[in-house]
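Asker: Numbered per our numbering, the sequence shown spans residues 1 to 70.
These are calculated hints, taken from the structure and not from any lab test.
Note that the structure is predicted; figures quoted are calculated from it, not measured.
Check before you lean on any hint, since a few could be wrong.
As the list claims (entries may be wrong) - Derived lysine-lysine pairs resembling DSS-like cross-links, with alpha carbons at most 27 Å apart:
#1 Lys37 with Lys13
#2 Lys65 with Lys37
#3 Lys37 with Lys63
#4 Lys65 with Lys39
#5 Lys37 with Lys10
Stated by the list, open to error - Taking CB as the label site, the calculated pair distances span:
#6 Ser50 with Glu25: 34 to 42 Å
#7 Met59 with Thr26: 31 to 39 Å
#8 Lys63 with Ser19: 29 to 37 Å
#9 Tyr34 with Asn64: 21 to 29 Å
#10 Asn64 with Ile30: 24 to 32 Å
#11 Asn66 with Lys39: 33 to 41 Å
#12 Glu4 with Asn62: 29 to 37 Å
#13 Ala38 with Lys67: 19 to 27 Å
#14 Thr56 with Asn6: 37 to 45 Å
#15 Ala38 with Asp8: 15 to 23 Å
#16 Leu58 with Lys13: 14 to 22 Å
#17 Ser20 with Asp46: 27 to 35 Å
#18 Glu60 with Ser19: 29 to 37 Å
C-beta: ideal position from N, C-alpha, C; glycine also.
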Amino acid sequence: MKIELNIDSKTLKELLKYSSAETEETAIFIAIDYYLKAKHSQELDDFIRSYEDLETALMEYNKNKNKKDL
Numbered sequence: 001m002k003i004e005l006n007i008d009s010k011t012l013k014e015l016l017k018y019s020s021a022e023t024e025e026t027a028i029f030i031a032i033d034y035y036l037k038a039k040h041s042q043e044l045d046d047f048i049r050s051y052e053d054l055e056t057a058l059m060e061y062n063k064n065k066n067k068k069d070l
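Can you make the complete structure from the sequences, with help from the hints?
Answerer: Quick look at the structure:
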């Protein structure tokens with residue numbers, strides 16, 4: 001996986017201010033973690049919307065996720 005970050009000094013200062021990070025590097029890792037969690041959440045939301053039945057959607061999602069993990 002490739003992630004490109006374009007963080008200017010103002011944004012980095014904001015990351016440091018609002019996160020629990022003590023260093024710039026830690027703030028960047030926290031930002032990446034939030035990004036990945038948000039992306040995963042959006043994928044799950046989109047997947048669920050494609051099914052009328054929530055239970056079926058979650059079963060399919062978990063089945064597909066397990067295949068990716070192998």
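Asker: Is 19 to 27 Å right for how far apart the beta carbons of Ala38 and Lys67 are?
Answerer: Given about 23 Å between the Cβ atoms, the range holds.
Asker: Given a hint of 29 to 37 Å, does the C-beta separation of Glu4 and Asn62 actually sit inside it?
Answerer: holds, 30 Å
Asker: Is 31 to 39 Å a correct range for the gap between the Cβ atoms of Met59 and Thr26?
Answerer: Taking Cβ atoms as reference, Met59 and Thr26 lie about 38 Å apart, which means the hint holds.
Asker: Does 37 to 45 Å hold as the CB distance between Thr56 and Asn6, or does it fail?
Answerer: This hint holds: roughly 39 Å between Cβ atoms.
Asker: Against the 27 Å threshold, does the CA-CA distance of Lys65 and Lys39 hold or violate the hint?
Answerer: holds, 14 Å
Asker: Return holds or violated for the Cβ distance of Glu60 and Ser19 against the range 29 to 37 Å.
Answerer: holds, 35 Å
Asker: Is 21 to 29 Å respected by the C-beta to C-beta distance linking Tyr34 and Asn64?
Answerer: The hinted range 21 to 29 Å holds for Tyr34 and Asn64, with Cβ atoms some 24 Å apart.
Asker: So if I understand the rule, the pair passes when the alpha-carbon distance is 27 Å or less; does Lys65 with Lys37 pass?
Answerer: Judged against 27 Å, a Cα distance of about 15 Å means the pair holds.
Asker: If you check the beta carbons of Lys63 and Ser19, does the distance land in 29 to 37 Å?
Answerer: At 35 Å between Cβs, range holds.
Asker: Between Ala38 and Asp8, does the beta-carbon spacing fit 15 to 23 Å?
Answerer: holds, 20 Å
Asker: Is Lys37 close enough to Lys10, meaning Cα to Cα at most 27 Å?
Answerer: Satisfied, since the Cα-Cα distance of roughly 23 Å is no more than 27 Å.
Asker: The hint says 34 to 42 Å between Ser50 and Glu25; measuring C-beta to C-beta, is that right?
Answerer: Holds, since Ser50 and Glu25 (Cβ atoms, about 38 Å apart) stay within the stated range.
Hint check: violations occur at hints 11, 16; the rest are consistent with the structure.
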